[in-house]
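> This is what each chain is made of:
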Amino acid sequence: DSGVTQTPKHLITATGQRVTLRCSPRSGDLSVYWYQQSLDQGLQFLIQYYNGEERAKGNILERFSAQQFPDLHSELNLSSLELGDSALYFCASSVGGGPIGSYNSPLHFGNGTRLTVT
Amino acid sequence: GESVGLHLPTLSVQEGDNSIINCAYSNSASDYFIWYKQESGKGPQFIIDIRSNMDKRQGQRVTVLLNKTVKHLSLQIAATQPGDSAVYFCAEGNYGQNFVFGPGTRLSVLP
Numbered sequence: 684d685s686g687v688t689q690t691p692k693h694l695i696t697a698t699g700q701r702v703t704l705r706c707s708p709r710s711g712d713l714s715v716y717w718y719q720q721s722l723d724q725g726l727q728f729l730i731q732y733y734n735g736e737e738r739a740k741g742n743i744l745e746r747f748s749a750q751q752f753p754d755l756h757s758e759l760n761l762s763s764l765e766l767g768d769s770a771l772y773f774c775a776s777s778v779g780g781g782p783i784g785s786y787n788s789p790l791h792f793g794n795g796t797r798l799t800v801t
Numbered sequence: 649g650e651s652v653g654l655h656l657p658t659l660s661v662q663e664g665d666n667s668i669i670n671c672a673y674s675n676s677a678s679d680y681f682i683w684y685k686q687e688s689g690k691g692p693q694f695i696i697d698i699r700s701n702m703d704k705r706q707g708q709r710v711t712v713l714l715n716k717t718v719k720h721l722s723l724q725i726a727a728t729q730p731g732d733s734a735v736y737f738c739a740e741g742n743y744g745q746n747f748v749f750g751p752g753t754r755l756s757v758l759p
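Sequence order for the protein chains is P and Z.
Here the working numbering runs 683 ahead of the position in the first sequence, where the first position is 1.
Here the working numbering runs 648 ahead of the position in the second sequence, where the first position is 1.
Calculated from the structure, these hints are not laboratory results.
Every value quoted in this text rests on a predicted model; they were computed, and no experiment measured them.
Some hints could be false.
As the list claims (entries may be wrong) - When the alpha-carbon atoms are kept at most 27 angstroms apart in a straight line, the in silico DSS-like pairs for lysine-lysine are as follows:
{"hint": "1", "chain 1": "P", "residue 1": "Lys-692", "chain 2": "P", "residue 2": "Lys-740"}
{"hint": "2", "chain 1": "Z", "residue 1": "Lys-719", "chain 2": "P", "residue 2": "Lys-740"}
{"hint": "3", "chain 1": "Z", "residue 1": "Lys-704", "chain 2": "P", "residue 2": "Lys-740"}
{"hint": "4", "chain 1": "Z", "residue 1": "Lys-719", "chain 2": "Z", "residue 2": "Lys-704"}
{"hint": "5", "chain 1": "Z", "residue 1": "Lys-716", "chain 2": "Z", "residue 2": "Lys-704"}
{"hint": "6", "chain 1": "Z", "residue 1": "Lys-690", "chain 2": "P", "residue 2": "Lys-692"}
As the list claims (entries may be wrong) - Sample of chain P residues facing chain Z (criterion: CB under 10 angstroms; computed from the structure):
{"hint": "7", "residue": "Gln-689"}
{"hint": "8", "residue": "Pro-691"}
{"hint": "9", "residue": "Tyr-716"}
{"hint": "10", "residue": "Tyr-718"}
{"hint": "11", "residue": "Gln-727"}
{"hint": "12", "residue": "Gln-731"}
{"hint": "13", "residue": "Gly-735"}
{"hint": "14", "residue": "Gly-741"}
{"hint": "15", "residue": "Cys-774"}
{"hint": "16", "residue": "Val-778"}
{"hint": "17", "residue": "Asn-794"}
{"hint": "18", "residue": "Gly-795"}
{"hint": "19", "residue": "Arg-797"}
{"hint": "20", "residue": "Val-800"}
{"hint": "21", "residue": "Thr-801"}
Note that beta-carbon positions come from the ideal geometry of N, C-alpha and C, so glycine has one too.
Start from the sequences and build out the full structure, keeping to the hints where you can.
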């Protein structure tokens, strides 16, 4: 168990809708990262927050947004959903605030939210 | 559930044999590398990491080798067990940039 909790585990919704994915990082970790994993693609970095502030942005669509709250949990909001947004969405956390965490403290991933857009 | 990476390269090994999973990385400036294991229905799990000032690092039953000259990373698993069956990802990074994950290799352990 990585200590990173993601909810819900599964989400099925229709095109055009909006959903919110939630992540609780490991105790003591200040950084939260969001990744998207499609069937034919590897892990694509979306966005990173460190102690409540956006730290780095990857290939995140304008329809997607995220935030990290004072208690360090994070939410990823996906709106105007399209069929192509169907994927696994992973949250990871780390102690450090660097883009790759800190040496000897790499990213620790949750078990993901499987989003299906119909 | 659905499998990650339906068209991933697959390495099949006999139980008890050693496995070697290879990864070519792209950025010569990368100075930190990690191997992750992803089992079906789970998130990537950290296995072992290595910094660019090292050529080799050993963990429990696993060894990571780094060849910076040819930008190549390998993961060696000793005495492969059925529980080692999973998709293995390498990730490269350096300060100032986020991790870039490789496409992954599926390891299948044969009885």
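> All the hints need checking, so say for each whether the structure fits it.
To see whether the hints hold, each was checked on the structure:
no. : hint                  : in the structure
1   : P/Lys-692 / P/Lys-740 : holds (24 angstroms)
2   : Z/Lys-719 / P/Lys-740 : holds (26 angstroms)
3   : Z/Lys-704 / P/Lys-740 : violated (32 angstroms)
4   : Z/Lys-719 / Z/Lys-704 : holds (14 angstroms)
5   : Z/Lys-716 / Z/Lys-704 : holds (11 angstroms)
6   : Z/Lys-690 / P/Lys-692 : holds (10 angstroms)
7   : Gln-689               : holds (8 angstroms)
8   : Pro-691               : violated (14 angstroms)
9   : Tyr-716               : holds (8 angstroms)
10  : Tyr-718               : holds (8 angstroms)
11  : Gln-727               : holds (8 angstroms)
12  : Gln-731               : holds (7 angstroms)
13  : Gly-735               : violated (19 angstroms)
14  : Gly-741               : holds (6 angstroms)
15  : Cys-774               : holds (8 angstroms)
16  : Val-778               : violated (13 angstroms)
17  : Asn-794               : holds (5 angstroms)
18  : Gly-795               : holds (5 angstroms)
19  : Arg-797               : holds (7 angstroms)
20  : Val-800               : violated (14 angstroms)
21  : Thr-801               : violated (15 angstroms)
Taken one by one, the earlier hints fail for this structure at numbers 3, 8, 13, 16, 20, 21, listed in ascending order.
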